[in-house]
Structures are given as C-alpha cells and as structure tokens.
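Number of protein chains: 2
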Amino acid sequence: MAQLRIALAQVNPTVGDLDGNADLIVDWTRAAADAGAHLVAFPEMALTGYPVEDLALRPSFVAASRRALGDVARRLADAGMGGVPVVVGTLDRRDGGRRPLNAVAWLHGGDVLIASAKHHLPNYGVFDEYRIFESADTLPVVRLHGVDVATVICEDLWQDGGPVSVTRAAGAGLLLAVNASPYERDKDDVRLDLCAGRAREAGCTLAYVNMVGGQDELVFDGDSLIVGPDGSPIARAPQFVDHLLITDLDLPEASGDPGPASVDAPGGATFTVERRTLSSSPVPAYDPEPPTVAEPLDDLAEIYAALVVGTRDYARKNGFRSVVLGLSGGIDSALVATIASDAVGPENVHVVLLPSRYSSEGSVSDAEDLVKRQGVHSRIVPISGMVEAFEAELDLHGLAAENLQARIRANVWMGLSNEHGHLVLTGGNKSELATGYSTLYGDSAGGFAPIKDVFKTTVWDLARWRNTALAADLPFLHPFAQEPVPEAIIVKEPSAELRPGQRDRDSLPEYAVLDPVLADYVERDMGRDSLVAAGHDAGLVDRVVRLVDLAEYKRRQYPPGPKITPKNFGRDRRLPITNRWRERG
Amino acid sequence: MAQLRIALAQVNPTVGDLDGNADLIVDWTRAAADAGAHLVAFPEMALTGYPVEDLALRPSFVAASRRALGDVARRLADAGMGGVPVVVGTLDRRDGGRRPLNAVAWLHGGDVLIASAKHHLPNYGVFDEYRIFESADTLPVVRLHGVDVATVICEDLWQDGGPVSVTRAAGAGLLLAVNASPYERDKDDVRLDLCAGRAREAGCTLAYVNMVGGQDELVFDGDSLIVGPDGSPIARAPQFVDHLLITDLDLPEASGDPGPASVDAPGGATFTVERRTLSSSPVPAYDPEPPTVAEPLDDLAEIYAALVVGTRDYARKNGFRSVVLGLSGGIDSALVATIASDAVGPENVHVVLLPSRYSSEGSVSDAEDLVKRQGVHSRIVPISGMVEAFEAELDLHGLAAENLQARIRANVWMGLSNEHGHLVLTGGNKSELATGYSTLYGDSAGGFAPIKDVFKTTVWDLARWRNTALAADLPFLHPFAQEPVPEAIIVKEPSAELRPGQRDRDSLPEYAVLDPVLADYVERDMGRDSLVAAGHDAGLVDRVVRLVDLAEYKRRQYPPGPKITPKNFGRDRRLPITNRWRERG
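Heads up: the sequence lines are chains C and E, in that order. So in the numbering used here, the last one in the first sequence is 585, and the numbering has no gaps at all. So in the numbering used here, the last one in the second sequence is 585, and the numbering has no gaps at all.
The reader is advised that the hints may include incorrect statements.
Below, computed lysine-lysine pairings styled on DSBU-like, alpha-carbon distance capped at 35 Å [stated by the list, open to error]:
#1 C:K554 / E:K554
#2 E:K554 / C:K372
#3 E:K372 / C:K554
#4 E:K492 / E:K554
Covered, in the sense of this in silico footprint (three residues per stretch, anywhere, with C-beta under 8 Å from a C-beta of chain E), are these stretches of chain C [as the list claims (entries may be wrong)]:
#5 267–281
#6 409–416
Calculated directly from the structure, the hints in this document are not laboratory data. By construction, the Cβ of each residue, glycine as well, lies at the ideal position given by its N, Cα and C atoms.
Whenever a hint applies, use it, and build me the whole structure from the sequences.
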C-alpha cells in the first residue's frame with residue numbers, strides 16, 4: 001500500500017470571474033500545501049464557475065479560460081507550489097472542435113500536465129450540456145507517489161458506460177470525481193449511495209469533491225466525500241460551507257505493468273487511457289490524521305441553509321451589499337426578512353412597511369415587532385395617496401384594483417433600489433406562485449425570490465424551525481438575541497389584504513391539502529389521472545390542475561421584459577445571470 | 001414516369017391545441033381532396049404545434065397526442081377521405097423509449113399506416129430537441145400510385161449523414177420533407193439552396209412543406225417549395241400566409257426491385273428502410289395544372305410581415321382580441337401601433353397618451369395625428385398627479401426618478417389590461433434594449449414586444465416602408481386611407497422625455513454608428529478583438545461592449561417574476577408560452 005494525503009477543496013467560485021476564481025485556486029492550494037497535502041482537487045469548472053451556459057460558446061471566453069489556466073499553473077509554481085499537483089475543472093477546446101469541452105486538468109510544475117473532458121453531457125432538468133459541450137472518450141491516469149489516480153467529471157458518475165466503467169480495467173488506485181452537483185431535497189443520500197456503488201464498480205477508493213454556494217438559480221451544497229473500495233464512508237465535508245477536506249488515504253501501489261492503452265466500455269464507447277507519471281515511489285510512511293466525518297443536516301436545516309446561501313451569494317455575486325423588501329406583517333415576507341438577515345446581516349436589510357386602507361392594525365404592529373427583534377432598518381410608506389392619485393384618472397375594479405396596489409408597492413421598493421442600490425427581494429412562496437395568487441410587476445417584482453421554491457406549509461415549518469434554532473451553532477445563522485419571527489405572524493390567518501376581509505382560503509384550498517397535490521403535479525409532473533390514482537381527491541385535483549395550468553398560461557402570456565436575442569426572432573441567449581467576465585481589449 | 005398531384009398544406013397550428021389542430025388537418029385535407037390531390041402533407045408536429053418544448057416530456061400529453069392522431073385518421077376515413085394519404089408531423093413514443101419522438105406519420109384508410117421519426121435533433125440556437133426527443137434511424141418509403149415516396153423531417157435536411165443520405169440508395173422517386181423552420185432574415189434563399197442540394201444528393205424531386213404563423217417567440221414564414229432532381233425550382237408558396245400549394249409532378253415509376261432493407265449512411269448510422277405499398281400502378285394520365293411560383297418578399301416587407309404575423313398570432317393564440325399600448329409621440333410606439341393595427345385591426349387597438357411634466361407639446365399632438373390617421377381608440381391619462389403622490393412619500397433622484405415615471409405609465413396600461421382584457425404591447429427596440437436604455441417594470445413591461453428584435457435604424461426604415469406600401473396589395477396590411485405614420489414622428493430627434501431636454505444621443509452613440517456594432521456583437525457574437533478587426537472604431541467598440549454587457553448583467557440581476565420549478569432550486573420548466581392543452585379527466 002501507498003499513503004496519500006489528499007485535499008478536496010469545496011469552494012465557491014463565481015461564473016465568469018476568471019481572476020477571482022484563479023485567486024481562489026491559488027489560495028486554497030496554499031492552504032492544502034501548508035497542511036502537507038500531496039494532491040489538491042477543485043470542483044467541476046471551478047476556474048470558470050458553473051453553470052456557464054451559452055457563455056461557453058463565445059470563442060473569446062474559451063480563449064480567456066485557457067489563458068487563465070496556464071497562468072494559474074505558472075503562479076502556483078512561482079509561489080513554490082509546483083510540486084503539489086492540482087486537479088481543477090475548467091473550460092477547454094479540442095483543436096478543430098465545434099464546441100468546447102467541460103474539462104479537468106492536472107497542473108504540475110508550472111505546466112498544464114494533462115487535460116481530459118466529460119463524456120456524459122447531461123441535458124435534462126437544469127442541465128444544458130449537450131447544447132454547449134462536446135463529449136470526450138479519454139480516462140486520464142496519473143501516477144503520483146506510486147498511486148494511479150484516475151479523474152472523471154460529475155455526470156460520468158451518474159450514467160453507466162462512461163469512463164468509470166473502464167476505471168477498474170485501467171488499474172486505478174484512486175478515482176477522483178470533480179463535481180458541480182446542485183442541491184435538491186433529499187439528494188445527499190442518493191449521492192453517497194451513488195459514490196459507494198461506483199467505488200465498488202471501479203474497485204478503488206473514490207474521492208468526490210463538490211462545489212458549494214449559490215449561483216444564479218442553483219445552490220450547491222458541497223457535501224464532498226470519500227468512500228473506500230467497498231463503498232464504506234471514510235470522510236465527509238459539512239454542507240453549505242467552504243471547506244478543505246484533508247484526508248490521509250491508504251491506497252494500492254501501482255504495479256510495474258503499464259496497463260492497457262484503451263478499454264472498451266459496456267455502452268459501446270472505447271476509452272483511451274492517457275497515462276502520466278509524476279512520481280513512482282510511495283511517500284515515506286507517516287502517521288495519518290483522523291478523517292473529518294461531518295453529519296448531514298436534517299431536512300429543515302438543510303432547506304434553510306440553501307435559502308440563506310442562495311440569497312447571500314445571489315446578492316454578493318451580483319454586486320449588492322444590501323437588500324430591500326416590503327414587510328406586510330404576513331409570514332412570507334417575515335421569513336424572507338429573516339433569511340435576508342442571516343444572509344447579509346440585519347444591518348444590510350432594509351424593510352418597507354406599505355400599509356393601505358385595507359391593512360389591518362396587526363399588520364403594522366407585527367411587522368414592527370419583527371423589525372425590533374432583528375434590528376433591520378425600516379421605514380413606513382403609506383400608499384393611500386398614490387392609490388388615490390391613480391383612482392383620480394382610472395376607474396379600476398376587482399382584480400385590476402387589487403393588482404394596482406401590489407404594483408404601487410413594487411414601484412416604491414424599486415425606487416428605493418434604484419436610489420440606494422439595494423437588491424429587491426420578493427416574497428412569493430411556491431404555493432401562491434404555482435396557483436397564480438400573485439401580481440405581475442407587483443409582489444412578484446424583484447431580483448431574487450428566496451422562497452419561490454418553498455410551499456406555504458414549509459414556510460411555516462421553516463419559521464418555527466428558525467425560532468427553535470436560536471441557539472444552534474450553525475454557520476449560516478445570525479446570532480439573534482431573541483426569536484426572530486413573532487409568534488403572532490406565524491399563527492395568523494393568511495391574507496393578501498388587497499380588499500376588505502380578504503383571506504387566502506376564499507380563493508385557494510387550505511394549504512395543508514393544496515401543497516401535497518402541488519408537489520405531485522408541479523414537481524413530479526404527474527398527469528390528472530395519475531394524481532387521482534395516487535389517492536388525491538378527484539375534485540381537489542381538478543381544481544388545483546385548473547389553477548396551476550391557468551397560472552402557468554398567464555405567466556407565459558406575460559413573459560419578462562423583452563430579451564435580446566442573437567438572431568432576429570430567435571430566443572434569448574442563455575447567458576448566466578451573474579457574469580463577471582467582460583470583453584476586454 | 002408517373003404523375004402525382006401533391007398538396008403541401010402550409011398551415012398555422014397552435015401548440016397544445018390538439019383539437020384545433022386536428023380540425024385544421026381535416027379541413028385542409030378536404031380542400032386538397034376536393035382539388036384532386038393524391039397526397040397531402042402537413043408540417044413537422046402540425047398535430048401538436050411547434051415548439052412543444054418540455055410539454056413533450058409530460059406522459060399524459062404524449063398519450064393524448066397519440067390518441068388524437070388515431071382519431072384524425074378515423075375522422076378522415078369517416079368523412080370519405082381515407083383514400084387520400086395524409087402525411088403529418090406529430091409526437092410519438094417508442095415502446096420502452098425514455099423520451100418521445102418527433103415523428104411523421106402516414107394516415108390512410110382510417111389507420112396510422114406507418115410512423116418514422118427525426119434522426120438529427122437540433123440543440124442549438126432556438127432548438128432544444130436533443131433535450132426532449134430520442135433520435136430514430138428509419139427511412140419510410142411508401143409506394144403511392146407507383147411512386148416511392150420517402151419522408152424526412154426538417155433538421156435531417158440540414159445535417160449530413162442522416163436519412164437524406166440514404167434516400168438515393170433506397171430508390172425514392174419523391175423526397176417529402178416536413179418542417180417547422182422559423183423565419184430569420186435572409187433565410188429564404190438559404191433554404192432554397194439547401195433543398196436544391198439535397199434533391200441532387202437524393203437524386204429525386206424534393207417537396208418541402210413548412211409551418212406558417214407566430215408561436216411564442218418564433219415566427220414561421222411558410223415559403224414551402226418544390227425543386228426537381230437537378231435542384232431547379234418547380235413551385236413555391238407565398239410567405240407568411242396559410243396556403244395550400246397544389247402541384248402536379250412527373251415522377252419516376254418505381255421498379256419491381258424491392259430495394260434494400262437497410263442502408264449504411266456516411267456518418268456511421270445504419271438506416272432501416274420501412275416500406276409500404278398503397279398502390280403500385282400510376283394514375284391514368286391527366287393534364288397537369290401550371291404550378292404556383294410565388295415571388296419572395298423583399299427585405300423590409302418580409303420583416304414587416306414577420307412583425308405583423310408574430311403580433312397577430314401571439315394575441316390570438318393567447319386568447320386576446322384587443323391590445324393596449326402607450327403612445328408617446330416617438331417613432332417606436334408609433335411603429336408598434338401601426339403593426340398592431342395591421343395585426344388585429346385598428347378597432348381592436350387601444351392607445352394611451354400619458355403626458356408628464358417633461359412631455360413636449362409635439363408629443364401629444366403627433367400622437368393624436370397618428371390616432372386620427374389609423375382610427376384606433378385613444379385616451380389621455382396625465383401622470384403628473386401620480387408622480388406627485390409618490391414624490392410626497394419618497395425622495396428619488398436621477399435615474400430613480402426617471403424610472404418611476406416609466407413604471408407609473410406601465411401601471412396604467414397594466415391596469416387597463418386587467419380591467420378590459422387587452423394584451424399589453426411594449427415598444428422597446430433592439431438598440432435600446434441591448435444597451436439598457438429602458439426601465440425594468442416600466443416601458444419594458446408587457447406581454448409582447450413586437451419590435452424587440454429590430455434595431456432603431458430599421459425601425460425608421462420600416463415606418464417609411466409602411467407609408468410607401470399604402471396601396472400595396474399585401475395580405476398582412478390594413479387598408480389605411482392615408483399614410484399611417486405622421487412624417488413629424490419619423491423625423492424628430494429621439495428622446496425618452498423623462499427629464500428636461502433629454503436626448504438619446506446624450507447617452508448613446510448615434511444609432512447609425514451604434515447599430516452595425518450591435519449587430520456584430522449581439523447577433524454574431526464577435527469578441528472585442530474581432531469587432532475591431534472587422535473595421536469598427538476601437539473606442540466605439542469598447543463603449544458599446546461596455547453598454548451591452550452592463551445591460552445584460554442588469555437584466556439578469558433582475559430576472560422576470562419568480563418561475564415555478566419542477567424541483568426545489570431547479571430551473572423553470574420549459575413549457576411553451578401558449579399552452580392550449582389542459583389536463584383533463
């Protein structure tokens with residue numbers, strides 16, 4: 001056996017910020033080298049950020065990424081770290097290739113030693129990779145201190161028949177997988193099971209390094225981990241925080257046999273095994289340090305962490321240091337304010353109370369109670385005068401009159417955003433957005449919607465959880481002195497307060513019965529008959545399906561502000577929202 | 001040789017409207033049968049509409065499409081048209097397939113005779129087909145009145161190595177291509193050249209039937225055509241109108257040789273040739289009718305037609321019969337009002353004049369002149385009172401104060417939309433949207449933006465063209481009694497009128513120099529160095545690139561109202577905007 005100390009750098013890069021990401025790689029490699037690591041690994045596309053979407057298709061960005069990779073290799077060597085190999089995900093291009101590559105490179109001795117690229121390109125759900133990348137058929141195997149280390153990228157773990165399927169035949173002693181795998185509820189155990197299965201398939205230890213942090217519409221949870229050849233867990237990083245997971249491994253020493261130059265995979269592809277040798281002899285024996293094995297968060301803590309990290313990084317990566325939101329006295333804006341305080345600090349949160357003639361007494365006083373508990377900035381802007389000025393010129397009724405109030409409120413917070421540079425947070429939850437219980441350009445206006453993917457029943461659960469977590473030692477929580485969400489806000493009857501005596505339940509089914517149907521219809525894409533077969537009441541299903549389809553239809557009738565398309569009458573360029581990269585001379 | 005009278009049905013289906021599209025197929029088949037056609041062909045996915053996007057991934061929609069196809073076959077037979085084969089694009093699924101198929105079916109005698117599917121799945125630009133479909137490797141060849149007719153689908157014409165490459169070896173006498181090929185500027189000649197080349201490759205006559213009409217963000221221009229085996233044009237349908245292109249063809253009679261059962265394509269795929277025989281003997285000789293050969297529209301007419309058809313179908317397919325827009329007295333809203341009058345009739349166009357303290361005298365009088373010339377409905381809603389009501393509560397300066405006025409105007413037209421059911425049209429052109437000279441939730445608010453893909457210099461060209469086309473006999477123009485756009489509006493200096501003395505050219509380069517750089521940067525995705533190498537002034541390039549990147553960045557900081565995602569923290573379901581299909585019990 002041969003020992004190796006490997007460092008998995010669970011970092012938070014920013015899409016397009018080649019300079020900042022390069023600094024991240026240099027800084028974390030220094031920390032790993034200081035800790036005596038023999039090998040440092042960064043996530044998929046750590047140098048460019050992920051997802052890069054159609055930015056990958058711009059030749060000048062590909063060229064800039066390739067230059068940046070060479071620069072990082074030289075900087076590491078110049079700083080005396082050339083002897084520690086660094087594995088890093090990046091954007092590359094094959095000579096004569098039509099599209100770029102989602103690549104992983106080994107940096108060593110000031111050079112880019114070897115680069116391979118992803119074979120399986122996911123093109124479902126949030127992924128668009130077949131659109132922007134070419135597929136590759138190589139498995140790199142690098143001999144380091146007598147251990148043959150193979151590398152693969154993310155989806156190549158999830159699909160059969162890719163490079164993982166030839167790793168055993170290639171004789172690897174360690175399989176290193178670099179990933180940008182976004183958070184989903186309950187995904188963590190799926191990942192651990194996947195890694196265990198692939199380690200057994202490859203017949204070797206598997207090290208899995210994942211990205212962390214929010215990027216555009218995605219949140220990466222980290223949860224980097226290492227499993228042994230039998231699939232048993234060895235080490236695990238904490239979720240939702242930057243972390244350098246340093247682990248001492250005992251790995252099989254490579255034999256003298258050079259091994260095959262290519263291997264046929266079960267799916268039909270043939271993989272070229274590209275071999276390099278950095279050092280053939282194992283390191284002198286040393287006493288290993290005990291591994292870190294973090295406990296996964298429980299379900300509500302995990303969701304809350306994702307919301308805080310997503311909000312924090314959306315603001316930061318988009319250049320905002322402060323946020324503004326309307327505080328109605330209801331549970332949704334109360335939870336968003338709390339998430340915002342945890343994300344950017346209460347001193348950077350600005351709330352606006354916008355009472356109208358239909359606002360209840362409690363709305364203002366409950367909101368003021370929250371302001372005091374959290375220490376956020378607040379101001380009151382009554383909207384009655386503005387509503388009356390519109391009414392003097394226009395005769396609006398029913399829904400049109402209700403929407404007007406919501407849009408006037410949005411005008412106020414957008415004005416404060418334009419004047420002071422705050423990011424507008426919007427408070428809609430998934431139950432009301434899915435059913436269309438929301439106003440276009442009104443309460444739905446804003447740059448980021450922290451709870452848009454959280455059903456109303458979970459909104460209440462999260463508010464209660466946050467109050468109970470007051471003294472919890474979790475890195476994504478602000479140390480409030482008292483429970484941040486007033487109980488009165490949690491227990492009150494939900495109302496939009498846009499007409500006298502309005503209650504959500506006059507328009508919608510009770511949330512406790514609505515949410516399970518929404519989960520099956522919107523998240524699991526079940527058809528009407530399947531919903532009924534799954535045990536939901538047929539009348540309720542018909543009502544919910546009608547509400548959701550109509551809301552979806554209306555949402556698409558009024559798409560967002562016009563988009564700029566590359567071709568006449570074409571569709572939006574799929575650029576990442578956060579784009580730190582600029583064309584330069 | 002054998003004669004065939006074929007009918008290419010250049011129709012305008014609606015995505016998701018299975019019932020309406022089925023009616024369309026039955027009605028147009030009746031017209032073709034009445035005209036003595038031996039074969040009728042409909043565009044790609046005519047039964048479901050195109051693009052269906054992720055709606056294709058919902059199993060209940062695939063099942064409903066398959067049922068609808070069988071129903072159409074039976075309806076045709078019941079109506080006495082079972083003897084006329086109908087070729088129609090539809091959505092299908094292979095047994096055990098993971099994704100559905102972009103299919104083309106032959107209907108005959110009440111049955112679905114044979115179905116094949118697309119091989120090349122485009123996944124670039126506006127296309128997402130690799131995401132939603134499986135690829136197929138069959139070429140159907142149906143013997144009809146002694147002629148072997150092969151069918152392929154759209155992208156299979158554009159890429160090498162697909163079913164077209166084996167059509168000659170399969171011995172087809174007619175290659176029928178069904179398409180949903182969207183309009184782009186200058187695309188028409190590309191298509192004709194493509195068809196000519198593929199006809200020569202296949203060694204037979206090629207008939208190309210395309211969709212027409214607006215759907216979501218795309219406009220299909222029709223332009224169905226037929227070329228001979230040598231690539232020479234035989235027939236061509238007019239652009240941007242529904243049309244039944246009936247053409248008598250002389251085609252080679254199939255030999256007794258059954259031909260190969262499979263053929264290897266140059267790209268490596270092997271295609272199964274699926275053969276059916278409907279009738280082996282040629283029809284008795286008859287006198288052919290002269291073919292229709294429509295002239296393509298010139299460039300400005302073509303663009304204008306696309307704008308009118310796109311606006312008309314967006315409104316109609318989304319259930320709107322009337323539109324509302326703000327009329328500022330400037331050229332952009334004047335052109336949009338004119339397009340709207342052409343699209344839905346002036347009697348269904350409602351304009352609002354929203355003067356502020358910064359509006360010039362001419363703004364109102366020029367707008368009123370346009371109202372009189374076109375006969376649209378108009379009202380004046382001064383916004384000064386509303387602006388003052390906001391100013392009483394908020395202290396906004398500079399851009400924040402300018403944006404407030406734009407957002408108040410948007411509130412007014414959204415209120416009128418909610419109250420009266422009009423579709424809001426928004427007036428931004430591509431030059432100002434690309435450079436960020438626009439207000440989020442303000443002038444950019446609305447359901448459809450007719451000129452979002454038109455640069456400012458082309459806006460002026462189109463307004464002048466429309467005035468000169470007063471007496472032109474074009475089906476997409478309303479018969480105005482006088483020039484619809486007042487000359488004063490065309491010649492005035494562009495201004496947003498959001499502060500005293502404001503002019504576009506204080507913030508932007510002159511449009512005549514700006515637009516060519518924008519075209520190269522936004523539409524051709526050229527990098528900074530390439531732009532300079534192409535001859536643009538370096539200082540101008542740097543200024544424009546900075547403006548566009550900043551605008552793009554800001555647009556993505558504030559994405560549209562929250563989207564509903566299927567998974568937690570996932571991305572929007574890609575459903576078509578227009579969705580007539582509903583889950584039903």
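Against the structure, the hints come out as follows:
1. Of the supplied pair hints, the one linking K554 (chain C) and K554 (chain E) holds, its CA atoms being roughly 25 Å apart against a limit of 35 Å.
2. At most 35 Å may separate the alpha-carbon atoms for a hinted pair to count; K554 (chain E) and K372 (chain C) meet this at roughly 33 Å.
3. As the CA atoms of K372 (chain E) and K554 (chain C) are separated by approximately 33 Å, the hinted pair is consistent with the 35 Å bound.
4. Between K492 (chain E) and K554 (chain E) the CA atoms are separated by roughly 30 Å; this keeps the pair inside 35 Å, and the hint holds.
5. Restraint check on the region 267–281 of chain C versus chain E: 0 residues with Cβ-Cβ distances below 8 Å, three needed, restraint violated.
6. With 6 residues having a Cβ less than 8 Å from any Cβ of chain E, the region 409–416 of chain C passes the three-residue criterion, so the hint holds.
Violated hint for the displayed structure: number 5, the only one.
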